[in-house]
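> Sequence:
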Amino acid sequence: MLRSLIMQYKPTHAAVVFDAKGKTFRDELFEHYKSHRPPMPDDLRAQIEPLHAMVKAMGLPLLAVSGVEADDVIGTLAREAEKAGRPVLISTGDKDMAQLVTPNITLINTMTNTILGPEEVVNKYGVPPELIIDFLALMGDSSDNIPGVPGVGEKTAQALLQGLGGLDTLYAEPEKLLG
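As numbered in the working numbering, the sequence shown has no gaps in its residue numbers, which increase by one up to the final residue, 183.
Please keep in mind that the hints were generated in silico from the structure rather than gathered at the bench. Certain hints may be false.
[As the list claims (entries may be wrong)] Pairs of lysine to aspartate or glutamate, DMTMM-like flavour, derived with a Cα cap of 20 Å:
(1) 25 to 75
(2) 128 to 86
(3) 128 to 158
Model the full structure from these sequences, guided by the hints.
Shown next, in the form of structure tokens:
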């Protein structure tokens with residue numbers, strides 16, 4: 005998959021990012037964060053070091069930063085590359101990453117063969133990339149074991165955000181919710 009991505013898109017720069025071992029700041033903020041996930045199976049764990057070796061043998065930087073998730077590192081790199089005027093392609097199936105999408109940052113999911121730019125994020129989630137965090141905060145994120153607002157699901161979260169423009173507006177002008 006990695007080799008085919010590089011051959012197809014011919015990036016001038018590339019990196020492979022993994023979660024580091026241990027807890028992250030999110031575990032400190034919310035004790036139940038990802039607590040429902042089973043431990044990594046031993047047969048998968050055994051593949052990690054050979055995978056790291058393969059990435060290094062390909063001459064690609066391999067990054068794993070303690071205390072943060074791979075997503076945080078990817079997000080930082082993507083934003084910095086965008087500031088430098090570089091187009092960015094992120095290979096992921098993680099919906100949280102849709103918050104990063106801009107005209108210059110695109111997501112590709114090689115498992116489903118889908119590409120998400122700003123328009124595709126709106127089509128898929130019903131909100132633009134800049135409201136993905138608010139969207140997930142309202143409805144919760146079961147994959148990370150994060151509860152949302154009771155009674156608020158996908159459709160309600162979409163309606164609230166489309167009507168209000170974001171949680172900042174709701175906090176600043178709560179009367180808009182009552183109107």
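> For each hint, tell me whether it holds in the structure or not.
Hints, one by one, checked against the model:
1. 25 to 75: 14 Å, holds
2. 128 to 86: This hinted pair is violated, its Cα atoms lying about 23 Å apart.
3. 128 to 158: The hint holds at about 11 Å.
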